[in-house]
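Asker: Produce the entire structure from the sequences given, and follow the hints as far as they go.
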Amino acid sequence: MTDTTTERIAALLSEGLTLRSRAQIEATFPARSLPPGAEVMRVPPSPTGFVHIGTIYAGLVNERIAHQSAGVFILRIEDTDKKREVAGSVARIVEAFDYFDLQYDEGPIREGAYGPYFQSQRGDIYMAYALELLRSGRAYPDFATPEELQATTAAQQAAKVRPGTYGKWALWREKTDEEVTAALDAGTPFVLRFKSTGSHEKRITYEDVFKGRMEVPENDLDVPLIKSDGTRLPTYHLAHVVDDTLMRVTKVFRSDEWLPSTALHIELCQALELTPFTYGHFAPISILDKNGGGKRKLSKRKDDEANVEFWIAAGYPVEGVKAYLLGLANSTFEDWYRSNPSVSLSEFPVSLEKLAASRAPLLDMAKLQDYCKDYIASLPQDEFNKRLIAAQTNKDFKHALEVNADYTNKVLEIERTGEKPRKDLAKWEDAFDNYAYFYDQLFTKDFAPQILAQLEDIDTKTVAHACAAFLESYDPADESQIWFEKLKAAAEKCGFATDNKAFKANPEKFVGNVADFARIVRVKLTGKNRTPDLTAIMRVMGIDRIKNRLQ
RNA sequence: GGUCCCGUCGUCUAGUGGUCUUGGACACCUGGUUCUCAUCCAGGAGAUCGCGGGUUCGAAUCCCGCCGGGAUCACCA
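Numbering (our numbering), first residue to last: 606 to 1156.
These aren't lab readings, by the way, just hints derived from the structure by calculation. Watch out, some of these pointers could steer you wrong.
[As the list claims (entries may be wrong)] Pairwise CB distance ranges (calculated):
{"no.": "1", "residue 1": "E620", "residue 2": "D706", "range": "43 to 49 Å"}
{"no.": "2", "residue 1": "E1034", "residue 2": "L967", "range": "22 to 28 Å"}
{"no.": "3", "residue 1": "T607", "residue 2": "D706", "range": "54 to 60 Å"}
[To be verified] With a straight-line Cα cutoff of 30 Å, these simulated BS3-like cross-link-like pairs (lysine-lysine) come out:
{"no.": "4", "residue 1": "K1003", "residue 2": "K972"}
{"no.": "5", "residue 1": "K1109", "residue 2": "K1066"}
{"no.": "6", "residue 1": "K1066", "residue 2": "K1032"}
Don't be surprised by glycine CBs; every beta carbon is placed ideally from N, CA and C.
Answerer: And the structure:
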């Protein structure tokens, strides 16, 4: 290709952009003045829909490494693919980072000195580097149509060779100046491709922070650098190399899927005379396929759990989720957490070495809920009340909680004041099932309809009889022991067994046992057959409400 | 198919040549806590350390081969 043709291509690519030289650009991204050992970390989500829990996981690890070393944590929006972009995604990303309290120092809204933090706004920067590659003969235009590319892949499959654009399979790699000029004259769209000088036969080695010494074949793929979709935006590869250099990122942590393209990124750095990065590749969170397909990466389409909005809507407490995620990242976390129950999670030192050992961990909702239950139970009463109410998405329930503030305070205190607070709630959403029956309208609407089914083994006459007998002697002032004595007395009066052994020996002699009798009271009062201590519940409900429900 | 990563109870993991007839956590089961639960406490079951060879007095740990799972080979990131 002649210089004239090269410049014609360069002019086409830079049309309308205000290009600066590399030296000028690099002068505006000076070395950061940070204490020794400070790490500059980043997490680069794409605004292509909802926020993936893996992004939060990566965010958490990167944020910790950055901030525990007095470094910088960057949130960079990788929006170079305008076709896949979904409106509102950036707002969702920002919200999710806020919800999980992942404080980024630079990124959307929090503009820093190394921006812009949207890749789509850095087009002129990438182009300066792309043109340099073009001029140095390390990039070339490729006018191939999608059909031609497909045909190549088919031919490669037929020939049983590795697919991809490399060597003789790279259609436009060695075209003559005339051919290029002709395509240019015809106005054919083109991508700018990297011209790799690597060989699949030769090997390179590099050090991965998590996986140790890696020895892999050199890259020989001529990957696209600049797209032909009219945006003239870069692909990930160019953008990554340029941005992480300019933003002065010290360690590139990314998920395993990038492992195979690391050789390419190293070659790109060399072609641009940039220092290659320190990489660390970690395994993404996976999930057990519900259809029995085995372990696989958490997928956006199939798994609700992949979507952090699912977590936020259900009201999983941030601290519980983060504790679980930290446990996934570092196996030493569990012990630390146990021995430091009242210390903030941010005090936990995340270790790189421990992260190394982590395979693709399976998301274990049961374990995560266990963390969340413990956390919610540990909350002081006022904090518990405040957060529980704030998190409710059911308007009627939230209204009921707020309007009857004094009553609500008593309700939420049930069995939470002692040494061992109840652990009913794994997420704030669970509050409805645990507390809504205290409010008459909600009780009537959502709980009372279940009473019949819960008591179907006992005939209605017996139920009515039992309620009347129990009410007769009930006194809100009774301590739970007396309360139970009275319940037993009422049960006996109605033909229930008060001695479990006697009942088991001759069940036919009784209507039921004490447990059945208590169940009648419990279900009539709450619509549920499992609740906290009835004495406490009744004391809070008040005599009028009790009479109402037992009649 | 090529290349790379990974393989210890159901799950997450501890373990880097002897102290491991593999330890912990979650889940599960049993019993206890004078009504049902959430808990809590005590106990239990659960892993031929993917398989086969080798090195060694000795291997979950080192070496080789195999098998299995995953990732990647896009103008997606």
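Asker: Taking the beta carbons of T607 and D706, is their distance inside 54 to 60 Å?
Answerer: holds (57 Å)
Asker: Quick one, are K1109 and K1066 close enough, alpha carbons at most 30 Å?
Answerer: Distance of about 24 Å is within 30 Å: holds.
Asker: For the hint 43 to 49 Å, verify it against the beta carbon of E620 and that of D706.
Answerer: holds (44 Å)
Asker: With respect to the beta-carbon atoms only, verify the hint that E1034 and L967 lie 22 to 28 Å apart.
Answerer: For E1034 and L967 the Cβ distance comes to about 23 Å; the hint holds.
Asker: So if I understand the rule, the pair passes when the alpha-carbon distance is 30 Å or less; does K1003 with K972 pass?
Answerer: Between K1003 and K972 the Cα gap is close to 28 Å, so the pair holds against 30 Å.
Asker: Is it true that the CA of K1066 sits at most 30 Å from the CA of K1032?
Answerer: violated (39 Å)
Hint compliance for this structure: hint 6 is the single one not met.
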